[in-house]
Amino acid sequence: MAIKSDEVGSPAAEARKHGGRIFALWFVASVIVDLVVWFVWGPHMAPGFMTTTAAGQVFDFKVLTVLSAPVLLMVWIYGGYSLIMFRDKGTHEDGYYVKGNRKIQATWYTLTGILVIGLAAFGTYELIAPAGAGVGEGPSPIWKPNNAGHTLIVQVIAQQWRFTYRWPQFGGMETTSINLPVNTEIQFDVTSLDVIHDFWAYQLGVKADANPEVNNVAYTKTLQTGRFVVRCDELCGIWHGAMYNYGHVVSQSSFYSWAHSMEAQNASLTKLLPKFSTSYLPKDNVVGGQYFNSSQA
Amino acid sequence: MAIDMSQSTGVGRSGDAGGASAAPSSRYRLNFITGTIAAAIGYLFGHWLGNAIAGHYPSIVNSGSNDPAMLLGFIFGTVGWFAGLGALNYPIAKLWGREVPLAEKKDKYPFMEYFSYSTDHKVVGKQYLVGMLFYFFIGGLLALAIRTELLSPTYHIWGPATYIEVVGEHGTMMMMMMTSIVMGPFGNFLIPLMIGSKKMAFPRLEAASFWFTIPAFFALLSALWEGGFQTGWTGYAPLSIQGGVGQDGYLYGFAMMGFSMILASINMVATIINYRAPGMRWSRMPVFAWGMITTAFTMLLSVPVLIDGLYVLGLDRAVQTSMLYGEHGGSPFLWENLFWFFGHPEVYLLALPGFALTTEILPVFCRKPIFAYKTSAAGMIGVAVLSFFVWQHHLFNSGINPDMRPLFMLSTELISIPTGFLYLVGMGTIWRARVRFTVPMLFMLAVFFNFLWGGITGVYNSDVPVDALIHGSFFVMAHFHFTIMGQLMFAVMGAVYYYTPLLFGIKLSEKLGKIHFWSMFIAFNSTFIPLFIVGFLGQPRRVFEYATRLQGLNQWVTISSYVLGLSLAFFVVTFVWQLVVSRPASPKNPWESRGMEWQVNIPIPAENFERIPVVLSGPYEYGNPNAGPIADLDPVVVGSES
Numbered sequence: 257m258a259i260k261s262d263e264v265g266s267p268a269a270e271a272r273k274h275g276g277r278i279f280a281l282w283f284v285a286s287v288i289v290d291l292v293v294w295f296v297w298g299p300h301m302a303p304g305f306m307t308t309t310a311a312g313q314v315f316d317f318k319v320l321t322v323l324s325a326p327v328l329l330m331v332w333i334y335g336g337y338s339l340i341m342f343r344d345k346g347t348h349e350d351g352y353y354v355k356g357n358r359k360i361q362a363t364w365y366t367l368t369g370i371l372v373i374g375l376a377a378f379g380t381y382e383l384i385a386p387a388g389a390g391v392g393e394g395p396s397p398i399w400k401p402n403n404a405g406h407t408l409i410v411q412v413i414a415q416q417w418r419f420t421y422r423w424p425q426f427g428g429m430e431t432t433s434i435n436l437p438v439n440t441e442i443q444f445d446v447t448s449l450d451v452i453h454d455f456w457a458y459q460l461g462v463k464a465d466a467n468p469e470v471n472n473v474a475y476t477k478t479l480q481t482g483r484f485v486v487r488c489d490e491l492c493g494i495w496h497g498a499m500y501n502y503g504h505v506v507s508q509s510s511f512y513s514w515a516h517s518m519e520a521q522n523a524s525l526t527k528l529l530p531k532f533s534t535s536y537l538p539k540d541n542v543v544g545g546q547y548f549n550s551s552q553a
Numbered sequence: 002m003a004i005d006m007s008q009s010t011g012v013g014r015s016g017d018a019g020g021a022s023a024a025p026s027s028r029y030r031l032n033f034i035t036g037t038i039a040a041a042i043g044y045l046f047g048h049w050l051g052n053a054i055a056g057h058y059p060s061i062v063n064s065g066s067n068d069p070a071m072l073l074g075f076i077f078g079t080v081g082w083f084a085g086l087g088a089l090n091y092p093i094a095k096l097w098g099r100e101v102p103l104a105e106k107k108d109k110y111p112f113m114e115y116f117s118y119s120t121d122h123k124v125v126g127k128q129y130l131v132g133m134l135f136y137f138f139i140g141g142l143l144a145l146a147i148r149t150e151l152l153s154p155t156y157h158i159w160g161p162a163t164y165i166e167v168v169g170e171h172g173t174m175m176m177m178m179m180t181s182i183v184m185g186p187f188g189n190f191l192i193p194l195m196i197g198s199k200k201m202a203f204p205r206l207e208a209a210s211f212w213f214t215i216p217a218f219f220a221l222l223s224a225l226w227e228g229g230f231q232t233g234w235t236g237y238a239p240l241s242i243q244g245g246v247g248q249d250g251y252l253y254g255f256a257m258m259g260f261s262m263i264l265a266s267i268n269m270v271a272t273i274i275n276y277r278a279p280g281m282r283w284s285r286m287p288v289f290a291w292g293m294i295t296t297a298f299t300m301l302l303s304v305p306v307l308i309d310g311l312y313v314l315g316l317d318r319a320v321q322t323s324m325l326y327g328e329h330g331g332s333p334f335l336w337e338n339l340f341w342f343f344g345h346p347e348v349y350l351l352a353l354p355g356f357a358l359t360t361e362i363l364p365v366f367c368r369k370p371i372f373a374y375k376t377s378a379a380g381m382i383g384v385a386v387l388s389f390f391v392w393q394h395h396l397f398n399s400g401i402n403p404d405m406r407p408l409f410m411l412s413t414e415l416i417s418i419p420t421g422f423l424y425l426v427g428m429g430t431i432w433r434a435r436v437r438f439t440v441p442m443l444f445m446l447a448v449f450f451n452f453l454w455g456g457i458t459g460v461y462n463s464d465v466p467v468d469a470l471i472h473g474s475f476f477v478m479a480h481f482h483f484t485i486m487g488q489l490m491f492a493v494m495g496a497v498y499y500y501t502p503l504l505f506g507i508k509l510s511e512k513l514g515k516i517h518f519w520s521m522f523i524a525f526n527s528t529f530i531p532l533f534i535v536g537f538l539g540q541p542r543r544v545f546e547y548a549t550r551l552q553g554l555n556q557w558v559t560i561s562s563y564v565l566g567l568s569l570a571f572f573v574v575t576f577v578w579q580l581v582v583s584r585p586a587s588p589k590n591p592w593e594s595r596g597m598e599w600q601v602n603i604p605i606p607a608e609n610f611e612r613i614p615v616v617l618s619g620p621y622e623y624g625n626p627n628a629g630p631i632a633d634l635d636p637v638v639v640g641s642e643s
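The listed protein sequences derive, respectively, from chains C and E.
With the working numbering applied, the first sequence corresponds to residues 257 to 553, in that order.
With the working numbering applied, the second sequence corresponds to residues 2 to 643, in that order.
Wrong hints could be hidden among the right ones.
[What the hints assert, rightly or not] With a straight-line Cα cutoff of 20 angstroms, these simulated PhoX-like cross-link-like pairs (lysine-lysine) come out: (1) E/K107 x E/K127; (2) E/K127 x C/K345; (3) E/K109 x E/K95; (4) E/K375 x C/K359; (5) C/K400 x C/K273; (6) C/K400 x C/K345.
Hints in this document: simulated from the structure, not taken from any laboratory.
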């Protein structure tokens, strides 16, 4: 037999007495904490609601917290109660001799199994439905936005230790700052010229590694205007900590006037740049840190 | 059950192969001093050789850093180290056809034995304990240096170059050395006692596993004098190929520690399978032994992959093989996969020993059997097996095969089921117990409290959409500090208090221990809980500059970390004081444990057991009025006079 449950005394009555109290305490505490998480903290949760993916992160974080708070409370309340009630009160005697309980064990395995598989299913849905949830999907993404409408493509080029942005729909110009139009589907093409970096636009809810010679695509859709911070999130050397800049989500008209003026302003420089490509070959022995298209190198 | 007692009279008696007369004279005993001298000579030779071979290559002349010389220096230095320690005497003697027996075990050793290539498992256990705690405190000091820099978002104490060196040294020191902080000291010392053996299966491998940690430590630390390495412990290529020769210290040190882990785990597996006393069935084996064998198997299967990766990295650096960077056909993804194929099992081989210690010690102070013993073994086996199927969750943002993400999300979340088993066991064990709040027990309860934070936030990390928010941030950093420091190091501290009577014959003060516990517990949580918030609010790991709005939280964390440091310093001072000066004597079996390791006298006899004991019942029969003794320590040997 796998489990012995040769219990003595009146274990069932004891279990009902203590178990009832623990359950009541746990239930009340869980309801209170979950309501606070959902209705008080939830509306103010980071990273905010600037894009669909950021809002998705808030929703997922909220759901996970509402599910995990009762687990945390269950262990705390059970543990706290037991340590107080079942402490050695100076009598120095042994505890209740029991080596297992088939019913309790089976319930535990089943509940944790259901919870875990449910979480994985939820996570999978939340990954696939919003087109990869703002995560880098590599060069050939399999989860794409549904709408066939206008998508703005922004290439993020990371190098030690800065980000620059290329705009294929604006003559392939390159800028050192980033502005995005509101209510627009955005496709980020993230790549690197040297080591592995990571493009983390915190308020946009986008994160994608910048790998040398590889394109890493991530999608989001802007919903609100405002400022966002871009940080490198993969250790890339000495100045990793200083590799950040800021961008703005602005109204569509301001975006287009900015983009067109930048395109005109940079036209003379854009000519000197390599042809737009999804990745570029690093050439570290060229003075000035220039780069060339891999086909030209 | 028929018991073959013939084995018990022979197995495990040291010196029985060739008789005591052939034991080497202790006057000429080599030790760490001769080892250090030979290591220095070896290093200089290797470095010279590397310069002679590769010094004129344009890539080396132009870069000014000679990786072949550095690596050959390390390799010959290590060979010299082992030759100087006397580790090579045995194989050389075998080549000459002589059989050299193991040194005879003694009740009391001269002090220098602890600085020599000792093959007594009790000496190796103590060497490991002191060594590992030393490495831990060096890593801890580096952590305080990191926190000091983060007192201000803009004002720099170290500067970015030193800061990144310190971050890399701290991370690598902790992650590579702490893999052995349980198996090394407690595994080697206790497993033979727990399973009723006189020795470990391979005493020479056991000694080698400890003495490999020294070159590992110094190779890693030497990076600080060579400009450090800027990659952190993960060593991502091509950054790791770009760096100077400090990176060679990282890869060589890590590889040496890998050898140490492989040797220790081979020894552990062989011992637990083959050296169990009669009657020590798998179903009676202490949970700690289950923890050690699952950890050892996990090490055996994962560490070779790391060494392979480091070998590739070393070749890329030293002879430009281009396997880990793109220009000539390699890929940085190769390193990411090789590294994390080791790296994720690694975090479980940090966690499993902590749970093994906790589950072992919990019933002693609950005065109850372990609840669902088989579930605890199944939990550890489940964690060990699943740990090989989750590694790409570190690469959710990397762009590697996105279609595999749901699978890795599922496998990662599945690992909460066997981890949950261990909580079920712990919670079941305190049900209607008679809990004694001794210092070891407080630490074990803290293990459950701390790991809960780490475990639950682990589910957040495994969820791809949420991971997009917290990957690479302080949230992740807080998560794994809860699972490693909050779990493993609390278990280790508890085990130090619990096992000092066996290891050193002293019982540490409960009063001082409680001061240590409460200060460490509160300071630890005060340090790491705010870091979840810091990461959630957008601070990436390993940065020296951060948003001004996060300064208050960062300062709180830094000050808490100083208190944590003071608490650990308090432990060191009180521990050394009690060990060296006051030496409060311990009675036999002070915790009234049923474990076989406690049935021997203190100090433990040289051979552990007069005869190989016959195990009669399980070790956790607390509260069972009909429980007999755990073992017959003086079994009658059929056919002998006694």
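Original post:
Which earlier hints can't be squared with this structure?
Top reply: Hints 2, 3, 5, 6 are the ones this structure does not satisfy, whereas the remaining hints hold.
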